[in-house]
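Undergrad: Just need the whole structure built from these sequences, with the hints factored in.
Heads up: the sequence shown begins at 0 in numbering that gives the first Met the number 0, then just goes up one per residue.
Just so you know, these hints were derived from the structure itself, not from any lab.
Treat the hints loosely; a few may be bogus.
[Stated by the list, open to error] The calculated DSSO-like cross-link candidates involving lysine-lysine, where the alpha carbons are at most 30 Å apart (straight line), are: (1) 162 with 248; (2) 14 with 253; (3) 248 with 110; (4) 110 with 253; (5) 14 with 110; (6) 248 with 14.
[As the list claims (entries may be wrong)] Listed next, with one range per pair, are the computed distances between beta-carbon atoms: (7) 289 with 106: 28 to 36 Å; (8) 176 with 36: 21 to 29 Å; (9) 14 with 107: 32 to 40 Å; (10) 232 with 82: 23 to 31 Å; (11) 228 with 151: 36 to 44 Å; (12) 185 with 248: 14 to 22 Å; (13) 128 with 78: 35 to 43 Å; (14) 105 with 58: 16 to 24 Å; (15) 220 with 307: 37 to 45 Å.
Glycine included, C-beta positions come from ideal geometry on N, C-alpha and C.
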Amino acid sequence: MFAQLLKTYSGHSVKNDVLSGAVVAVALVPEAIAFSLIAGVSPLVGLYTAFILGLMTALLGGKPGMISGATGSVVVVMVSLVAAHGVEYLFLATLLTGLIQVAFGVMRLAKFIRLVPQPAIFGFVNGLAIVIALAQLPMFEGEGWIMVAMVAATMATMVILPKITQAVPAGLVAIIGLSIVTVLLDLDTKRVADLGNIAGDLPSFHWPQVPINLETLKIIFPYAAVMAAVGLIESLLTLSVLDEMSGEKGNANKESVALGLGNATCGVFGGMAGCAMIGQSIINFTSGGRTRLSSATAAVLLILFVVALSDYIG
0 MFAQLLKTYS
10 GHSVKNDVLS
20 GAVVAVALVP
30 EAIAFSLIAG
40 VSPLVGLYTA
50 FILGLMTALL
60 GGKPGMISGA
70 TGSVVVVMVS
80 LVAAHGVEYL
90 FLATLLTGLI
100 QVAFGVMRLA
110 KFIRLVPQPA
120 IFGFVNGLAI
130 VIALAQLPMF
140 EGEGWIMVAM
150 VAATMATMVI
160 LPKITQAVPA
170 GLVAIIGLSI
180 VTVLLDLDTK
190 RVADLGNIAG
200 DLPSFHWPQV
210 PINLETLKII
220 FPYAAVMAAV
230 GLIESLLTLS
240 VLDEMSGEKG
250 NANKESVALG
260 LGNATCGVFG
270 GMAGCAMIGQ
280 SIINFTSGGR
290 TRLSSATAAV
300 LLILFVVALS
310 DYIG
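TA: Shown next as structure tokens:
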């Protein structure tokens with residue numbers, strides 16, 4: 000079966016998927032760290048989430064090429080849980096979140112997302128774009144012309160290069176090119192390592208160290224229910240957006256089950272709840288990622304950064 004799947008790939012599609020996965024992997028690192036810090040947990044928690052959830056939804060999900068990981072919409076729900084009860088309760092809540100999402104998909108309830116009107120989807124996408132843009136503004140505080148020049152150069156590369164050639168993703172060229180310039184000129188600017196330590200090992204099994212009783216359930220269930228709902232909504236809306244872009248309909252129920260299995264696995268491997276990432280999914284699509292290989296590549300490269308290459312990307 001796997002051999003037959005590989006036969007469906009042409010050399011061109013493999014190249015596009017691998018390169019787009021590389022773009023996404025590099026972009027995922029600072030996002031995962033930032034969301035971890037917002038949640039009040041170690042940066043590795045967010046990175047493990049991006050790896051586990053990203054890989055499982057890549058292999059089992061209902062929309063090839065969709066990217067999943069830690070997201071701001073889910074993170075804001077868990078902040079008060081971590082502050083009040085600690086990260087171990089978050090792990091158990093993440094496990095419960097996944098089980099709720101699996102049940103949602105098994106009962107085939109995801110079809111109701113098709114009832115969401117298109118204007119609401121457009122509002123969702125544009126609203127997230129505004130939120131993402133506003134979240135970048137603090138990065139400019141205290142920075143001078145170097146930061147502005149690098150951002151302008153990156154944006155120019157992203158706009159101009161696709162008009163010249165689409166042999167390689169513009170995002171990858173921008174990231175590698177500006178990184179080389181920064182190192183060669185020894186520019187004084189923020190780097191990934193300034194956000195937090197990303198060096199670590201492969202995630203290992205860790206059962207949440209909390210009492211399993213009714214009192215614990217009363218604490219975690221409200222958070223798990225909200226995280227499950229928010230994650231499903233964002234994931235299925237992202238799926239709808241990619242359906243529009245690709246012209247091919249994904250399987251919403253399958254995506255719900257895959258998301259749930261991924262979150263449940265995160266809960267027992269040191270991760271936190273997450274969902275589909277609309278920004279990264281669109282980056283993957285526009286960079287040429289069309290199949291499961293692209294999202295799987297992003298997940299594998301991400302964990303490779305953590306285990307072996309943290310010194311080089313920091």
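Undergrad: Take the hints in turn and mark each one as holding or not.
TA: To see whether the hints hold, each was checked on the structure:
no.	hint	result
1	162 with 248	holds (29 Å)
2	14 with 253	holds (27 Å)
3	248 with 110	holds (12 Å)
4	110 with 253	holds (11 Å)
5	14 with 110	violated (34 Å)
6	248 with 14	holds (24 Å)
7	289 with 106: 28 to 36 Å	holds (30 Å)
8	176 with 36: 21 to 29 Å	holds (28 Å)
9	14 with 107: 32 to 40 Å	holds (37 Å)
10	232 with 82: 23 to 31 Å	holds (24 Å)
11	228 with 151: 36 to 44 Å	holds (39 Å)
12	185 with 248: 14 to 22 Å	violated (50 Å)
13	128 with 78: 35 to 43 Å	violated (23 Å)
14	105 with 58: 16 to 24 Å	holds (18 Å)
15	220 with 307: 37 to 45 Å	holds (39 Å)
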